[in-house]
Structure formats: structure tokens, C-alpha cells
Amino acid sequence: MEIKRGEFVVLIGPSGCGKSTTLRMMNRLVEPTSGTIEIDGKDYKSYPPVELRRRLGYVIQQVGLIPHLTIAENITFVLKLKGIKENERRARAKELLELIEMNPDVFMDRYPSELSGGQQQRIGVLRALAHDPDIILMDEPFGALDPITREQLQDELKRLQRSVHKTIVFVTHDMDEAVRMADRIVIMRNGDIVQAESPEQILRAPADEFVANFIGRQRLLRQKTEMPVADIMSKVVAPVSGQVSVNPEPEITIRPESTVLQSMQLILSHNLDSLTVTDFDGKIVGIVNRADLISFLDNVRLADKEAASTKVVS
Amino acid sequence: MQLLAETFHFISTHSDNVLHAIWEHLFIVMIPMGLAILIAVPLTILATRIPRLYPWLLGFSNAMQTVPSLALLALLIAIGVGLGLLPTVIALFLYALMPIVRNTFVGITGVSREVKDAAIGMGVTDWQLLWMIELPLALKVIIAGVRSALVGTIGFATLGALIGAGGLGELIMRGLSMAANDIVLAGTLPAMLLAFLAEFLMGRLEIALTPRGIRTIKH
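For the protein sequence lines, the chains are A and B, in the order given. So for the first sequence, numbering that gives the first Met the number 0 puts the first residue at 0; every next one is plus one. So for the second sequence, numbering that gives the first Met the number 0 puts the first residue at 0; every next one is plus one.
Keep in mind the hints are simulated off the structure, nothing from the lab. Certain hints may be false.
Claimed, not checked - Computed far set for chain B versus chain A, every beta-carbon distance over 12 Å: (1) His13; (2) Leu37; (3) Pro54; (4) Leu56; (5) Met63; (6) Val66; (7) Ile89; (8) Leu138; (9) Ile142; (10) Gly154; (11) Leu158; (12) Gly163; (13) Arg173; (14) Ser176; (15) Gly212.
Unchecked claim - In the DSSO-like style, the derived pairs of lysine-lysine whose C-alpha atoms are separated by at most 30 Å in a straight line are: (16) A/Lys41 / B/Lys115; (17) A/Lys81 / A/Lys165; (18) A/Lys41 / A/Lys157; (19) A/Lys81 / A/Lys41; (20) B/Lys139 / A/Lys157; (21) B/Lys139 / A/Lys84; (22) B/Lys139 / A/Lys81; (23) A/Lys41 / A/Lys3; (24) A/Lys157 / A/Lys282; (25) B/Lys115 / A/Lys84; (26) A/Lys93 / B/Lys115; (27) A/Lys157 / A/Lys79; (28) A/Lys165 / A/Lys44; (29) A/Lys79 / A/Lys41; (30) A/Lys79 / A/Lys44; (31) A/Lys234 / A/Lys282; (32) B/Lys139 / A/Lys3; (33) B/Lys139 / B/Lys115; (34) A/Lys44 / A/Lys93; (35) A/Lys81 / A/Lys157; (36) B/Lys115 / A/Lys165; (37) A/Lys3 / A/Lys81; (38) A/Lys3 / A/Lys165; (39) A/Lys93 / A/Lys81; (40) A/Lys93 / A/Lys79.
Please read these numbers as outputs of a predicted model, since none were measured by experiment. Cβ atoms here follow ideal geometry from the backbone N, Cα and C, with glycine treated the same way.
Input sequences plus hints: build the corresponding full structure.
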């Protein structure tokens, strides 16, 4: 398996499938019994463990902030190991806190015990960014947080990843999280990779029954109704000008990334025959028909019923 | 009340003697305590790295504490260490090991797994793990061990006078043989005060050496 630069890869599977072990092999906390790992085309054993780990970022579920160091010292711990001067370290800590909108003046000199769980894990993530590693390893980083905080941190991380372009290998057992975050999901079982594809591909075409069961039938259904409108609309190739609009109420439009369900709701609430899909600067990119939409959703429902009945028979 | 007055009278008239005994006492306490810290702490840290070492180390120091103090002195004389300061220092050293060994081990191994895991994952060397993470976090517990060893040693050191090591025990012995309670108290009171003072100062040291971030842990 190969992970590309800047890719967000999520390892997922039932507990004991080896996802955390795989991650911990990448920074040599666990040595593989066979096989090898290469980083930038070089066998990772050619990097001494300590040096290798300082080149990577590492975030764990239990956070593991160092309790007797301040937040600033925690964030820049690896920089300290690398011998960077204190004023440079403080400047870096400040910059990173600002990046996630935590006020440096308030938090720099606090101690981990004075922070909430969500704040602590934000610091845990910053700590993995401080020395600007190319690769960040995250072992169920948000697993111990409440659902609301978890979602916030997921969004923040995704945003952060877009701005800093890191390669992230992320372990979770939460499929929702995997779908939200991943460019590619790697499903593991008993130490083997069962399927490694984009979330959409996995949700639409699970490799086998194990994967299908793991991601859950209900999710397949939800995924279909939450598909972006762009996937089912009739595309308009040439930009359509206003006067040939088929929509009697041209101000009611929908964005291509909105879900199928949302477009259906909009059509029903405004009693439209069709809905114009426009991109962010108002250009018309496609049209969804009421009739098409209804038959699509009927098919989904039918498929679900069939799946349910075959399950009962078998 | 009269006894107390007599005692203070004795102390004021024999202040040289009493001060000398206090200095001697401190000397008898400090040498074995210093040795115990210098030897027990590193050895125990080694035992946290080589786990099969620990039962031996704890077993030995436990056994030394279990032997009655007077018997330990007698034993050292019997095996030919002689009389005076040397057997007293050895006995006190052996006696002080246990709290230091136990607390050092508990302190170091008590540092939470996830903090160590995160630190190792960030690339600390074994030495850095010890100096930057484990020792600062364990210091409070180690100091508490030294404190109980020290207080015990101050008391035990009075027995050194039995084999001619000097110190405050000598005043007590002299008073007892002369049936002069004021002299007994002139040895006992300073010994008690020293123990209280040691307890107090070590407690302050414990607080001062506890890193700020773990002094008050909110939940």
C-alpha cells in the first residue's frame, strides 16, 4: 500500500484488527515481524527511531500532554528536543494557537490540567504540527471526546489539513468519522487490508460482505439520499442565460454539493417541477427534475426493502 | 513544670555540650542519609528499567527495616565492624533505604503510561524521558520517601550513643545512668525538635519542588 503526499488516510476496522499497531509501526514504537515501511522511498529503518519520530507528528487518544509543562512548552516539545531557542519556540506556539483561534495570551502559560478535554486535544494536535512534520500519525485522537466537541475538532482538523497540506494517517473505529475525514479509507481485518478506496467508492461498492456489514446497510441508504445533487442532475454544458430558464422561480436554486434529500425537500416545499443547480458564483451547472428525483428515491427505497427481505430469508 | 525548668537550666548552663551534641547528631544523620539518597535513588531508577532487579532491591531494603534497630547495631558489632561512628552510619544507611527505594520506584513507575507514550512517540531518548518527564513528575513522591527516611533516622541515631557514636543519645544515656531526668530531657527535646523541623522543612521542600502544573489537579 502506498500513501501519497498530502493524502488523508483513515485506517479503520473492528478492535484488534491491527490498525493501531500499523500506525505504531510507522514511528517504530512497534517493530514489524515481517515486511517493511518506506518513507520518501527510503527504508524507514535507515532512520534511527528517535530521529524518525521527531520527523513525524504523533497524536494519541489519551492526549498525553506533559502535566508539568505549560501549554506553550507542550506545543513546542519536539522543537525543544531539537534544540530550538526558547523565544523562537514561544513565537511558534503563539502562531499555532492563533491558527485554531485559541487566544495565546490566555493559554500559553496555562497548564494542561486547567484545560477542558477538547482544548487539551486541540493542543495535542498542535503539538504534532509544531515542528512542521510532513507526516502526522493520529491514533483515535477524538475517541474520548463528546460528540459535539468531536465534530468541531474533526472540522478544524480537516480545515487545518487543507491549509497545511500534511500527509495524515488517522486511526479510528468510527465510520462516520472516517467518511468525514478521509481521502481514502483503509478497512482492516485481522491485520490484513480488506479494502482501500475513497469513502464514496467503499460506501457504494463494498469489497465483500465483511466490509458491507462493517459500514452498515443503513449507511448505504443514507449515503444515497445524502449524495450530492451534482451526481444525479442533468448537466447543462453551455451556460444557460436567464431568459431560457425552465424554472418559474429562478431565485430558488441549489448548490451542486447539496444532498439529494435537500433538493427533494426544496422541490416539495415550493412545489416545483424542476430545480436549477448553480455553482458558487451563480452559474447554472445543471437541473434536477421532480419526476427523476422521485423515481430515484423510490429505487433506493425498493433496494432497501429487497435487501431487508433477503436478509430475513437468509 | 519543675523538671522543665531544670532542663532549661541545664541546657543554658551546658549550652556548649548540648549544641555539640546536636551538631554531632546532625552529622550522624546526614552521612547515612546522603549515602542512602545517592545510592538508592539511582539504583531504583535502574530497577525501573530492569524489572527483575526490583524484587531484590526492595526485598533487601525491607529486610533491613524489619531487623530491630538495636539488633542491627549489635549484629554489625558482632560481624566485626567495630564500635563508634562507623557501625552507626552503616546501620542508619541500611535503615534509610526502604522508604527511598519504595517511593522512588512508585514515583517513577507512577508516571502515566499515556504521557510516556506521547513523549516516546515524539522522539525523546531514554535519558530525556528520565530527566524531562519521569524525574520531575516523580520528584514529589521521592522527596516524601526521603522525608520519612530522614525522620526515622533522626530518631534511630539516638541509639548510636549506645555504641559510642555520640550525638544527642549520649545526653540521654548520661542522664539515665545518673538518674537525672533534666539531662535526659536535654537530649530528648532537641532530638524531637530536630525530627519535627525535618518533617516541616521536607514538607516545604516537597511543595517547592512540585512542578506548578501538577500542584493542584482539577478534575
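Verification of the supplied hints:
1. His13: holds (49 Å)
2. Leu37: holds (24 Å)
3. Pro54: The claim stands: B/Pro54 keeps its Cβ more than 12 Å from every Cβ of chain A (closest is about 28 Å).
4. Leu56: At about 27 Å from chain A, B/Leu56 clears the 12 Å cut-off, so the statement holds.
5. Met63: At roughly 33 Å from the nearest Cβ of chain A, B/Met63 sits farther out than 12 Å, so the non-interface label holds.
6. Val66: Nearest chain A Cβ is 38 Å from B/Val66, so the label holds.
7. Ile89: Given a closest Cβ separation of 37 Å, the condition holds.
8. Leu138: violated (9 Å)
9. Ile142: B/Ile142 clear of chain A: closest Cβ-Cβ about 14 Å, beyond 12 Å.
10. Gly154: holds (34 Å)
11. Leu158: About 40 Å separates B/Leu158 from the closest Cβ of chain A, which puts it past 12 Å; holds.
12. Gly163: Its Cβ never comes within 12 Å of chain A, the nearest being 47 Å, so this holds.
13. Arg173: holds (50 Å)
14. Ser176: holds (53 Å)
15. Gly212: violated (3 Å)
16. A/Lys41 / B/Lys115: holds (28 Å)
17. A/Lys81 / A/Lys165: Within the cut-off at roughly 20 Å; holds.
18. A/Lys41 / A/Lys157: Given that 30 Å is the threshold and the Cα spacing comes to 28 Å, the pair holds.
19. A/Lys81 / A/Lys41: holds (22 Å)
20. B/Lys139 / A/Lys157: Not satisfied, since the Cα-Cα distance of roughly 41 Å exceeds 30 Å.
21. B/Lys139 / A/Lys84: Cα-Cα ~29 Å, so holds.
22. B/Lys139 / A/Lys81: holds (28 Å)
23. A/Lys41 / A/Lys3: This hinted pair holds, its Cα atoms lying about 14 Å apart.
24. A/Lys157 / A/Lys282: Answer holds: A/Lys157 to A/Lys282 is near 27 Å, not above 30 Å.
25. B/Lys115 / A/Lys84: holds (24 Å)
26. A/Lys93 / B/Lys115: This hinted pair holds, its Cα atoms lying about 25 Å apart.
27. A/Lys157 / A/Lys79: At roughly 27 Å apart (the allowed maximum being 30 Å), A/Lys79 and A/Lys157 satisfy the hint.
28. A/Lys165 / A/Lys44: holds (22 Å)
29. A/Lys79 / A/Lys41: holds (27 Å)
30. A/Lys79 / A/Lys44: holds (24 Å)
31. A/Lys234 / A/Lys282: It holds: about 12 Å lies between the C-alpha atoms, which stays within 30 Å.
32. B/Lys139 / A/Lys3: violated (47 Å)
33. B/Lys139 / B/Lys115: holds (18 Å)
34. A/Lys44 / A/Lys93: With a Cα-Cα distance of about 34 Å, the restraint between A/Lys44 and A/Lys93 is violated, given a limit of 30 Å.
35. A/Lys81 / A/Lys157: holds (28 Å)
36. B/Lys115 / A/Lys165: OK: B/Lys115 and A/Lys165 at ~25 Å, within 30 Å.
37. A/Lys3 / A/Lys81: holds (27 Å)
38. A/Lys3 / A/Lys165: Holds, because 10 Å separates the two Cα atoms, which is no more than 30 Å.
39. A/Lys93 / A/Lys81: holds (19 Å)
40. A/Lys93 / A/Lys79: Since the Cα atoms of A/Lys93 and A/Lys79 sit roughly 15 Å apart, the hinted pair holds (cutoff 30 Å).
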